[in-house]
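Trainee: All chains should be modelled from the sequences, with the hints used to inform the complete structure.
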Amino acid sequence: MTRRLPFHGVSKSFSPAWMLLPAALLALFSSVAPAEEPRIKAFCVDFNWGSAGFAPPGMYAQAFPEKHLDWYRAMGVNTIQTFCVSCCGHAWYQSAVAPVQPGMRGDFLREITALGHGAGMKVMGYFCIGANSHWSKTHPDEVHPHPDSISIPFTSAYLDYLAKVIPEALATGIDGFMIDWVYNASHFYPEKEYRWLDCEKTMHLELFGEPFPGEDAMTPERTNEFNRRAVNRCWNVIRDAAKSAKPDCVLWLTCFDLQHPQMAGAPILREVDWVMNEHPDPEKLDKARELIGPKPRLIQCVAGWGDQHNAAAIMNDPKYAALGLYGFAKPDPDTTLPPEDDSGNARNIAAMRAFFNANR
34 MTRRLPFHGV SKSFSPAWML LPAALLALFS SVAPAEEPRI KAFCVDFNWG
84 SAGFAPPGMY AQAFPEKHLD WYRAMGVNTI QTFCVSCCGH AWYQSAVAPV
134 QPGMRGDFLR EITALGHGAG MKVMGYFCIG ANSHWSKTHP DEVHPHPDSI
184 SIPFTSAYLD YLAKVIPEAL ATGIDGFMID WVYNASHFYP EKEYRWLDCE
234 KTMHLELFGE PFPGEDAMTP ERTNEFNRRA VNRCWNVIRD AAKSAKPDCV
284 LWLTCFDLQH PQMAGAPILR EVDWVMNEHP DPEKLDKARE LIGPKPRLIQ
334 CVAGWGDQHN AAAIMNDPKY AALGLYGFAK PDPDTTLPPE DDSGNARNIA
384 AMRAFFNANR
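Start counting at 1 in the sequence shown, then tack on 33, and there's your number in the numbering used here.
Keep in mind that the hints are not guaranteed to be accurate.
[Stated by the list, open to error] Subject to a maximum C-alpha distance of 25 Å in a straight line, what follows is the list of computed SDA-like cross-link-like pairs (lysine to any residue):
#1 100 - 391
#2 363 - 82
#3 170 - 235
Keep in mind that the hints were calculated from the coordinates and are not lab data.
Mentor: Following this line, the structure appears as structure tokens:
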């Protein structure tokens with residue numbers, strides 16, 4: 034509202050046209066769309082993996098938030114992706130829902146979030162939805178016996194766990210979180226042996242409203258529909274738990290196969306805030322654009338799979354100039370930072386560092 038100043042000899046209710054100009058300009062500016070968000074430039078020092086499969090609890094617990102911030106700052110990122118709960122099932126903050134990383138220094142997630150925000154960065158957490166070693170250990174009858182793999186059926190009990198741990202993690206101040214392996218485990222890997230678990234038979238009743246029809250009746254088509262319904266139900270729980278706790282939080286889906294039967298056309302692709310193609314071929318993201326819709330921001334992973342990724346080729350291709358960029362790397366167990374060696378991953382990290390810092 035503009036301030037009105039009286040003129041000598043003129044009624045105080047009189048307002049010359051030039052005095053109304055600021056209000057008009059304010060109205061004009063308020064109708065202009067907000068500035069376009071900067072390109073996502075993200076990286077993850079990946080605490081998920083050890084020398085042989087998932088990193089055991091405490092393997093990287095000596096990580097210093099300050100040293101990690103320095104590494105990310107030198108990398109030139111504007112988004113840090115770290116961990117709420119890593120694949121071993123242990124939390125990187127002082128959780129009352131999930132077990133905490135043994136030996137963790139302080140409150141890693143909360144501390145690096147504060148540091149990242151102080152440096153002008155977004156800080157994103159992470160949940161592996163389809164695997165959790167601690168859940169598998171404590172619920173052996175409700176998981177498939179495939180360690181370090183997608184193994185969890187999305188039972189009501191597991192969804193209750195997610196509904197509790199997600200708001201708790203958001204309370205650390207993170208801007209949102211990545212969700213990975215959002216695939217229901219039932220008969221997921223064609224090369225592995227499966228049997229229908231009792232908990233999955235209960236899920237069938239919940240998802241279809243009718244009893245489990247027997248293993249012979251569970252054709253590939255019926256199994257796909259079962260899994261799609263399980264994924265949709267799981268996504269509803271994740272979305273509602275997150276957005277009710279922090280409405281403006283960013284929900285970030287990473288996917289190594291956007292055309293997988295459990296994922297293609299699923300509501301999650303249209304409703305999530307960010308969608309990332311982890312596969313080295315960005316054409317897979319192009320093919321999924323119609324299924325994703327206009328809402329999510331799109332990100333291409335350019336480092337993490339060694340020589341299968343070619344960060345420089347994608348980053349310097351004008352065709353992909355609108356895509357966000359992301360990389361991840363397993364850290365050295367002593368430094369808890371990505372090793373600087375002659376690996377394909379290290380070369381891609383170097384290319385990302387040069388590109389990010391040249392395009393601030």
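Trainee: Next, verify each hint and record whether it holds.
Mentor: Structure-based check of each hint:
For the suggested pair residue 100 and residue 391, the alpha carbons sit about 22 Å apart, so the restraint of at most 25 Å is met. Under the criterion of a C-alpha separation no larger than 25 Å, the hint pairing residue 363 with residue 82 is consistent with the structure, at around 6 Å. Of the pairs offered as hints, the one joining residue 170 and residue 235 holds, with about 21 Å between alpha carbons and a cut-off of 25 Å not exceeded.
Violation of the numbered hints given earlier is absent; every hint is satisfied by the structure.
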